[in-house]
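Please put together the full structure from these sequences, using the hints given.
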Amino acid sequence: MTGSDEGTIGPGGQFSRRWWLQSLAVGAASTVGAVGTSRGQPAVTVRWEFEADGAIEYSSPTVVDGTVYIGSDDDFVYAVDAETGTREWRTEVGPTQRSSPTVVDGVCFIGSKDANLYALDAETGDVLWRYETGDMIRTSPTVVDAIVYVGSNDENLHAVDAETGTERWTADLGDVIRSSPTVVDGTVYVGPGDNTSQEHLYALDAETGDEQWRFQTDHLLNSSPTVADGTVYVGGWDETIYAIDAADGSEVWRVETDSGVESSPTVAEGTVYIGADESLMALNAETGAQEWSFGTDDQMRSSPTVAGDNVYFGAGVLSDGAIYAVNKNSGQYRWDVPVEAAYSSPTVVDGIIYVGGGQTLYAFDGRRVGSPDSEGSRADLGTFGHHSGWRYSDQTLEIDPSAGSRGFEPATDGFGFPNWSGETGCETYPEPNNCSEDATFELSFDTVGLQTVRDAISGWSISLPSTQLEMAALAARALVVRQSVSNGHCYGMVFAAKEYASDPSALPEDVDSASDIPRPSDEYYSVGEKIRQYHVSQKLSSEVFWATMFEFWFGTIDYESAADDVTDALDDGTAALLLGQSDADGAHQVLAYDYVENGETIEFHLYDPDVPAYKHQEAIENDETLVHTYVVDAETGEPTDPYQGYDQYAYVDPDLSLEAAGALTSTPEELFGQFDLSSVFTLHSPARLAVDAPDDATVVQPTENAYDGVLSDAAIVLGAKPDAIEVTVVGDGEGEYSLDAVGTDGDQVVVDDTVTGTISVEERHAFTVSSTEDAGGSITRSDRDTTAQTDTEAESDSSASGSDGLPLWGSVAGGVSILGGAGAYLYRRVSGDEE
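Per numbering that gives the first Met the number 0, residue 0 is the first one in the sequence shown, and the count goes up by one each step.
No lab work stands behind these hints: they were computed from the structure. A hint or two may mislead.
What the hints assert, rightly or not - What follows is a list of derived Cβ distance ranges for each label pair:
| id | residue 1 | residue 2 | range |
| --- | --- | --- | --- |
| 1 | Val626 | Glu268 | 52 to 60 Å |
| 2 | Glu268 | Val316 | 25 to 33 Å |
| 3 | Asp64 | Gln532 | 38 to 46 Å |
Keep in mind the model is a prediction, meaning the values are calculated, not measured. All C-beta atoms in this analysis are idealised placements derived from N, C-alpha and C, irrespective of residue type, glycine included.
Here it is as structure tokens:
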């Protein structure tokens, strides 16, 4: 039987949809204002708007227990507070804008274009398990009797155990599946389709996947079926709406349309509501006769929902779209609101209409016009988008959180060895020279060529003048080579641990977690290589790291933005923190893995690579708590209880751009401009340097090390003309030495010179610097002081700084310099680099 064609009812007159699209604009984000209008009177207001970073479009919201869940094209699934519109969490799972979440017993299920079906903790967003199909998923999962049903572009319908994420069965339907499955009374109804020829709607046994019947159509099925009173309703791309007997697959009636049907039907009180022919159609569920239609003049992919006396739906593509409300009995226009790309299907809870449009999740307050909860077959069966009252809401699932990925845990994801300096694990801290045999290891490092550093800095997004680039490279190499034997590895350990926690498949064979790794050498040499890779290449390329260090020294951190950066990163997983000391010369790298807001403060929970995982395990075994914290003011972000005295902090990440580093208040030009007036001194000898510079200059010097035959000491002086500096070589042994000096004044290199000599223990050779244009300056031996000096005097000289109190690069707890504690960003090079 073909349904009759009755008249089309539209908004009409001056209050037509086109008039409203031109004259109305949705209010700013989080602004409550009248936006939907009925005959000139406000009918609906914006309760809130939530902006994703990518298109929501087809994903429809699910609202359960005060939280709205929705997918997006920005690779994240979002959980948003239904009352306020604030984000509760987001989890990266790949593009999900074609899939809508299903929430059952505290678990959020969603499909992704990365070919995986995900089970997420609905409260935290943690991945409980994921199930991989053979191709992208563009359908929404349905969960019935602890089985998840989802279609994939691999042409299979997958039945997956909801508790374990393991396969129950698959059914090959012979074509990609874009139609979301519906499950009723032990039968799964689904339609595949990508071909232009004949397709079928399938009925499969929900327990086994065996085919019960198939119904032939003349084109693909993008519409998802719904079931009511023993009849299956679905739209086809063959310009037909079908009613099919659910028991045997025989046709009950069909209604021809003028265009392919992508909208999915819902049935309420004997009426089928579905979008077709740029209209919302209301058909008699028994006969297919048309009861009314509402014209929109726009393509309709959204699926309608019924709530109270109204039907809500979206129409329109790209920027020209709208969300509509019409009377469910007559099709009479109630209101419309312009939105972008209105493909998403609304869900109504307690009179609030939740729907996606473009990149925005909207909450419209429709209680003035009487909008209770969504009803009808689509909401009841949970076919993309539902609320707590759907038919299968009372399922109970028992999921072991350890079955899938989880949040970072220091006892599990921290390394089984502490941060170390030197060539062996016995030079570790906080337990120096107290190594078990298993914890002892030997690692040697190649030195770093100057050209390697130049190339790395040249690759930054910052375009440095040639003199700044050269001085930055000289300074970096001097500090790196000076630290090449006794540097700590906290930076590399932090990012290697983070990678292993997020991708356990990267761990060495027969290792379940980083805590099982007792040392980064021998059979675990690949772990040491990974740590070194992060510690060298990532630090080498991380201009944000260097800009943050310079901000620590010369500028002012915006701690409000710093706190926001950290909490935003923690909402997604973990956040690497660079810690500094304003009144000393130390820095350290840690990994924040959680945070707690305590009213006036925010408490960051830290993984400190100085503390091996077994320390956390021992605490757990003794029913104790071992949590390292960094506490900041909730309003200003200022540190209130810093970790181990590190009163500076900022979020850093190898992939973070300078533009995204909100804590930086100075421009790169201001920060790296310090090298416009600078000098770099490097010493090759069993000796050390003592530097005398003007009070307003800053002297940067690494910690003391035994001479390793490459570079025994280095000093960088910032903010003083080279000819105002005196440098002294202090003998720690007997032998020859060479002292290199390079200095700049503005855009000119004014000194580039090397002197050599022979020195004995405690002998002092003082040098003055002269400077001229074109690097014509020199360093010259003076006779001011060639006598021995007391240890106290030498210590005073070697730790000098300017009177402005800017910090130096020197020793910190455990013998790691500001580059060592933060992770010396270079200490290894490709053979053949310039020395």
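Results for each hint:
At about 56 Å, the CB distance of Val626 to Glu268 agrees with the hint of 52 to 60 Å. In this structure the supplied range 25 to 33 Å holds for Glu268 paired with Val316, their Cβ-Cβ distance being about 31 Å. Roughly 44 Å separates the CB atoms of Asp64 and Gln532, a value that falls within the hinted 38 to 46 Å.
Checked against the numbered hints listed earlier, the structure breaks none of them; every hint is satisfied.
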